[in-house]
Amino acid sequence: MINRHNWRGTLEAVCIPIAALLCSLIAFGIFCALAGANPFGVYGSIYKAAFGNWYSFQNTLIRAAPLMLSALCTALPARLGLVIIGNEGALVIGGIGAVAAGLALSSAPATIVQMGMALAGMICGGLWIGAVGALRHYRAVNETISSLLLNYIAIALLNHLVGGPMRDPSSLNKPSSYPIAEVNMLGTIPGTRVHYGLIYGLIACAIAYFLIQRTTFGFAARTAGGNIRAARIAGLPVGKLTMAICFLAGSCAGLAGMVEVAAVHGRANESLNANYGYSGILVAFIARHNPLAATLVAILLGGILASGGILQRAHGLPDATVLVFQGLVFLVVLYSESLYGRLAIFKEGIGKKGQGTGPDSLPPIPNPQAPIPS
Amino acid sequence: MSAEALGWWGVPLAIAAGTLRGSAPFLFVSLGECITEKSGKINLGLEGTLLTGAMTAYAISYLTGSPWLGVLVAGIAGMLLGLIHGWLSQQPRVNDIAVGIAMIIFGSGIAFFFGKPFIQPSAPQLPTIDLGAWSSLPQIQSALKISPLFLIGVIIAPLMHWFFKSTRWGLFIRAVGDSPDAAKAMGISIFKVRMLSIVAGSFLAGIGGAYLSLYYPGSWNERISSGQGLMAVALVIFARWNPIQCLYASLLFGGAQAIGPALQSVGVNSHYYLWNASPYILTLAIMVITCSPKRTLTGAPGALGTNS
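Residue numbers (this note's numbering), protein chains in the order written: chain A, 245 to 618; chain B, 2 to 309.
These aren't lab readings, by the way, just hints derived from the structure by calculation. Only a predicted model underlies this, so the values are computations on that prediction, with no experimental measurement involved. Backbone N, C-alpha and C fix where the C-beta goes; we use that ideal spot for every residue, glycine too. Careful: at least some of the hints might be erroneous.
[Said to hold, decoys possible] Quick list of simulated restraints, FRET-style, between CB atoms:
| id | chain 1 | residue 1 | chain 2 | residue 2 | range |
| --- | --- | --- | --- | --- | --- |
| 1 | A | Leu255 | B | Leu81 | 31 to 37 Å |
| 2 | A | Ser414 | B | Pro125 | 41 to 47 Å |
| 3 | B | Pro294 | A | Phe463 | 21 to 27 Å |
| 4 | B | Leu64 | A | Ala558 | 35 to 41 Å |
| 5 | B | Arg224 | A | Ala263 | 56 to 62 Å |
| 6 | A | Ser414 | B | His272 | 18 to 24 Å |
| 7 | B | Ala186 | A | Ser582 | 21 to 27 Å |
| 8 | B | Ala183 | A | Ala558 | 56 to 62 Å |
| 9 | B | Ala186 | A | Ala558 | 54 to 60 Å |
| 10 | A | Arg473 | B | Gln265 | 47 to 53 Å |
[As the list claims (entries may be wrong)] Mimicking SDA-like on lysine to any residue, the simulated pairs with C-alpha atoms at most 25 Å apart in a straight line are:
| id | chain 1 | residue 1 | chain 2 | residue 2 |
| --- | --- | --- | --- | --- |
| 11 | A | Lys418 | B | Lys295 |
| 12 | A | Lys418 | A | Lys292 |
| 13 | B | Lys295 | A | Arg473 |
| 14 | B | Lys117 | A | Phe461 |
| 15 | B | Lys193 | A | Ser582 |
| 16 | B | Lys117 | A | Tyr287 |
| 17 | A | Lys484 | A | Val508 |
| 18 | B | Lys193 | B | Leu172 |
| 19 | B | Lys117 | A | Pro283 |
| 20 | B | Lys146 | B | Gln246 |
| 21 | B | Lys117 | B | Ser136 |
| 22 | A | Lys484 | A | Arg557 |
| 23 | B | Lys146 | B | Phe164 |
| 24 | B | Lys295 | A | Ile472 |
| 25 | B | Lys117 | A | Ile554 |
| 26 | B | Lys295 | A | Arg466 |
| 27 | B | Lys117 | A | Gly553 |
| 28 | A | Lys484 | B | Gly11 |
| 29 | A | Lys418 | A | Thr436 |
| 30 | B | Lys295 | A | Gly483 |
| 31 | B | Lys146 | B | Ile260 |
| 32 | A | Lys418 | B | Gly11 |
| 33 | A | Lys418 | B | Ser266 |
| 34 | B | Lys117 | A | Phe284 |
| 35 | B | Lys166 | B | Phe115 |
| 36 | B | Lys117 | A | Arg557 |
| 37 | A | Lys292 | A | Arg437 |
| 38 | B | Lys295 | A | Gly479 |
| 39 | A | Lys484 | B | Thr307 |
| 40 | B | Lys146 | B | Gly11 |
Turn these sequences into a full structure, and let the hints steer you where they fit.
Structure, rendered in structure tokens:
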């Protein structure tokens, strides 16, 4: 689409996020130095643990898979101007649904079981976030807060189910559900240790991109996100759009839960609640809610997450260091949003300002719909 | 007398005791959120502020032996986070809710990072006021142990109400929150007023964190806050942006939080986790009931969430 936009705008859309990442790297380096660790050593370790060799890169890819899927849970509704952060809850609920389906179908052929698990995870997660969209539309309940509260409710539900009704009596220290049969689990991609969840993530991101950028449905959603009043006047079914997008978003996060259950843990327990949801929000924001960019950002962040252990072992830094890093990146990226259209080098002559409208850039995040108390 | 002797009467007593103990963090955070939202911005990051406050208070109390110094430093640490939020959320094209999410991650990261060495040692705790000395029942004695911080919070609520209603600065904050354009016409600096409101609100939230680690539950660990800072946002909506109603709402939430442990104390262990989720379910239910697409909620600052 480069021909339809001026090249300065494209340059801006590429340069600002990269500059933001560099700035947050510098800020985190200063933080590490103040904490008494050698920043270059820290970055060296992160690089080695994340991308240094094929073995560690596979680790990164394993972590990137649920991040891609959970990022879509924030990125898709953002097109409508909704800030949804219920990724963690939808992921957990999707995982519960997938285990339930996996156990119920256990006698069927493996392909059927896997399809059933994926479907159940998507439906459960979809309904979970779909409810957020419905509350938003019918009751004007702020979607950020309701989705966030649902995170806590989902985790309580998980603890309740694996501690009671779904509990496998042989899981003593860590209450868990009954395990899914080995044959029914998602295998690894031949020649690697990376499970098929990565393929799920890549396909979901591609579909989401196509849906948003290339279909009438996506166009309607973007219109409603840009100016809700105009969308209403044009006769777009804003309520249905909201709920459909929220359902799709939730089903992506639910699929992430299914991947975690069916490819990594093999059962539902508190390991599901591993903060992939919250990191997914960060991925969505850094990728500026572009599903294709989200795949790259997810791999980058997956690498950073994979390096948490080595920071502890090699540099004596607490495991929360990765959290500080994520927070810094997030803050700097948010600040960089305010720079679009303000920097002289990206402006093109008089009149037409480079407004940061790169090919896939968003309408500004500020919620065009009603405020919290609409 | 043992706990069994009270039987089922122990449940309401335990809920009442839990309300008196558990509502103070809600109170401080919701008052902080109230002053922030009155100025027209939302601070979702108070969750991170609460955690940072809890960690700082505990660390300072452990290192200096003075819990009250810990409370003060917790407030100051909260203010520092508030400065970041206040500055960043007022940049053009930056959404305050997104900044809030970032501040949750950053604040809890900072708290866990620096708090790691303080998980094991035990710090001096805040003193208590024993209102139950007249009773011979140990349950009642322990139920009526109240932290002076809670009383301070109870006093701040009507003070803040008076501040909004009857002072010049209260008027500034309300004007900026209701109609930034009118405030600008009056010659008020919107940036300054919002910045001060957010910083003051974060100070209160930091103190709420100090209450968590220095009184109840009275230790520092990474699961200490469990979303109380986030519920503050819903709580303020429920309280209609009125500081005095924030007090009642906090008591209600503190009580809801105490149901699970109270039932467990009499041996009801089934559905324990679900009972623990009751504050979240309650918050959601309240929001579903009180919000409506047809009208603006009464008492809501006009510019809240509009990015103006």
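Violated hints - listed by number, lowest first: Numbers 4, 5, 11, 12, 14, 17, 21, 22, 23, 28, 29, 32, 35, in rising order.
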